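*Asks:* One-letter residues, chain by chain:
Protein chains: 2
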Amino acid sequence: MRDAYHEELDSIGEGLVEMARLVGSAIGRATTAILDSDLKLAESVIAGDERVDELQHELEARAIALLARQQPVATDLRIVVTSLRMSADLERSGDLAQHVAKLARLRFPERAIPHDLHATILEMGQLAQRLMAKAAEVIITKDVDLALQLEQDDDAMDLLHRTLFQHLLDDRWKHGIETAVDVTLLGRYYERFADHAVSVANRVVYLVTGEHADEIQAAPQVEGA
Amino acid sequence: MRDAYHEELDSIGEGLVEMARLVGSAIGRATTAILDSDLKLAESVIAGDERVDELQHELEARAIALLARQQPVATDLRIVVTSLRMSADLERSGDLAQHVAKLARLRFPERAIPHDLHATILEMGQLAQRLMAKAAEVIITKDVDLALQLEQDDDAMDLLHRTLFQHLLDDRWKHGIETAVDVTLLGRYYERFADHAVSVANRVVYLVTGEHADEIQAAPQVEGA
Numbered sequence: 066m067r068d069a070y071h072e073e074l075d076s077i078g079e080g081l082v083e084m085a086r087l088v089g090s091a092i093g094r095a096t097t098a099i100l101d102s103d104l105k106l107a108e109s110v111i112a113g114d115e116r117v118d119e120l121q122h123e124l125e126a127r128a129i130a131l132l133a134r135q136q137p138v139a140t141d142l143r144i145v146v147t148s149l150r151m152s153a154d155l156e157r158s159g160d161l162a163q164h165v166a167k168l169a170r171l172r173f174p175e176r177a178i179p180h181d182l183h184a185t186i187l188e189m190g191q192l193a194q195r196l197m198a199k200a201a202e203v204i205i206t207k208d209v210d211l212a213l214q215l216e217q218d219d220d221a222m223d224l225l226h227r228t229l230f231q232h233l234l235d236d237r238w239k240h241g242i243e244t245a246v247d248v249t250l251l252g253r254y255y256e257r258f259a260d261h262a263v264s265v266a267n268r269v270v271y272l273v274t275g276e277h278a279d280e281i282q283a284a285p286q287v288e289g290a
Numbered sequence: 066m067r068d069a070y071h072e073e074l075d076s077i078g079e080g081l082v083e084m085a086r087l088v089g090s091a092i093g094r095a096t097t098a099i100l101d102s103d104l105k106l107a108e109s110v111i112a113g114d115e116r117v118d119e120l121q122h123e124l125e126a127r128a129i130a131l132l133a134r135q136q137p138v139a140t141d142l143r144i145v146v147t148s149l150r151m152s153a154d155l156e157r158s159g160d161l162a163q164h165v166a167k168l169a170r171l172r173f174p175e176r177a178i179p180h181d182l183h184a185t186i187l188e189m190g191q192l193a194q195r196l197m198a199k200a201a202e203v204i205i206t207k208d209v210d211l212a213l214q215l216e217q218d219d220d221a222m223d224l225l226h227r228t229l230f231q232h233l234l235d236d237r238w239k240h241g242i243e244t245a246v247d248v249t250l251l252g253r254y255y256e257r258f259a260d261h262a263v264s265v266a267n268r269v270v271y272l273v274t275g276e277h278a279d280e281i282q283a284a285p286q287v288e289g290a
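Protein chains in written order, with the numbering used here: chain R, 66 to 290; chain L, 66 to 290.
Calculated from the structure, these hints are not laboratory results. From a predicted model like this one, the values you see are computed outputs, not experimental measurements. Watch out, some of these pointers could steer you wrong.
Copies of one chain are not kept apart here, so a pair can be met inside one copy or by any two copies together.
[As the list claims (entries may be wrong)] Quick list of in silico lysine to any residue cross-link-like pairs, SDA-like style, CA-CA up to 25 Å:
{"no.": "1", "residue 1": "K167", "residue 2": "E216"}
{"no.": "2", "residue 1": "K207", "residue 2": "Q217"}
{"no.": "3", "residue 1": "K207", "residue 2": "P137"}
{"no.": "4", "residue 1": "K239", "residue 2": "Q135"}
{"no.": "5", "residue 1": "K167", "residue 2": "H122"}
{"no.": "6", "residue 1": "K167", "residue 2": "D279"}
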């Protein structure tokens with residue numbers, strides 16, 4: 066039974082990686098859709114989220130079946146429970162990518178994003194996609210150092226988010242309230258997406274080290290950091 | 066062992082109810098804080114979220130201990146796994162109440178909410194608090210009919226959210242961009258808070274009936290609905 070058990074555990078891990086890849090791709094495509102006002106691309110992201118939800122249900126069913134059949138304890142039990150948490154993070158990330166795409170669709174054929182914010186939104190979208198790609202890699206490799214990098218990427222996301230707000234609150238803002246509302250929501254979607262990617266990576270850190278990511282990061286004193 | 070087991074299961078349920086009560090109170094107090102620009106009240110909500118996080122950690126540890134020691138199967142297993150999910154919903158709801166309070170603190174001594182939106186925000190805050198109170202009651206009573214009511218309350222929340230946007234996008238909006246940004250985020254926080262309360266109730270429905278809430282609601286044909 067031991068082999069079948071580890072096969073099942075592996076297949077849960079693979080499901081998580083597939084979810085991370087799907088939602089990483091989704092946020093990248095949603096960003097392109099909103100920057101280019103590409104309705105077709107937006108629709109494909111919106112429709113594609115169903116697959117992410119399906120994967121989550123499959124993964125949940127597999128995890129529960131594994132708990133019932135194999136009754137894991139200690140670390141193995143923690144892995145299964147943590148996988149459930151990660152799948153929830155990833156499912157929610159998919160929703161956020163879908164929100165970005167829905168905003169693109171809502172404003173089509175107009176562009177939701179004014180030209181002077183194009184670069185910032187592009188950066189937020191790219192960073193979100195990279196964060197999720199790294200989260201997928203962390204699930205595969207269980208590389209704690211890589212996982213800790215995500216916290217720094219998330220700081221970069223916070224900085225971009227602040228840049229966005231500075232633009233919004235600048236007296237020279239001339240794009241009106243509707244665009245301000247859109248940009249506010251969009252900023253929030255990217256920020257939350259990044260939080261979920263970090264959360265996935267941090268859960269791996271906790272499984273591997275038994276410590277929370279912030280405890281580990283607090284230890285080394287890096288100069289000029 | 067059977068009795069100890071059910072005691073443990075009950076204590077998880079009690080933990081969930083306590084979490085729901087704390088976050089329900091938090092959203093009510095955060096709403097008062099932002100409407101009255103009451104810094105002390107805002108601070109108390111912000112500090113109080115730590116207790117919610119602690120409760121979640123305790124609950125998670127208890128659930129994992131129960132899985133390891135008692136190795137429940139079938140319905141009992143689903144209850145434990147679902148409890149983990151509910152605790153995540155409630156923890157997140159606590160964060161959202163904290164976000165409302167932080168906005169109150171950020172704008173203090175100014176009022177974040179203009180007078181003409183006071184009534185709408187008050188209604189959203191009260192509705193959020195009622196939704197969470199009902200969610201707590203659903204956990205205790207496992208009353209499916211009550212759980213289904215939450216979907217209707219959530220529709221009312223969506224309506225309030227739309228009202229808020231109509232105000233924002235009205236040509237007569239005269240409160241500037243910063244307030245528009247604040248109100249946009251605030252609307253999002255209440256909407257997400259309500260979603261989590263509905264999610265908690267729906268998870269109970271699924272445990273009790275084996276059906277998803279939307280499948281059950283689709284069944285009866287109510288005239289004029």
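*Asks:* Does each hint hold? Answer for all of them.
*Replies:* These are the hints, each one checked on the structure:
When the C-alpha separation of K167 and E216 is checked against a cutoff of 25 Å, the pair qualifies only between copies, where the shortest distance is 22 Å, while the shortest distance within a copy is 28 Å. For a Cα distance limit of 25 Å, the shortest separation of K207 from Q217 inside one copy, 18 Å, qualifies, whereas the shortest one across copies, 44 Å, does not. Proximity of K207 and P137 under a CA criterion of 25 Å is satisfied intra-copy only: 20 Å inside one chain copy versus 29 Å between copies. When the C-alpha separation of K239 and Q135 is checked against a cutoff of 25 Å, the pair qualifies neither within a copy, at 61 Å, nor between copies, at 62 Å.
Taking the shortest Cα distances, K167 and H122 sit within 25 Å of each other inside one copy (23 Å), while across copies they are farther apart (35 Å). Proximity of K167 and D279 under a CA criterion of 25 Å is satisfied inter-copy only: 22 Å between copies versus 34 Å inside one chain copy.
Checked against the numbered hints above, the structure violates only hint 4.
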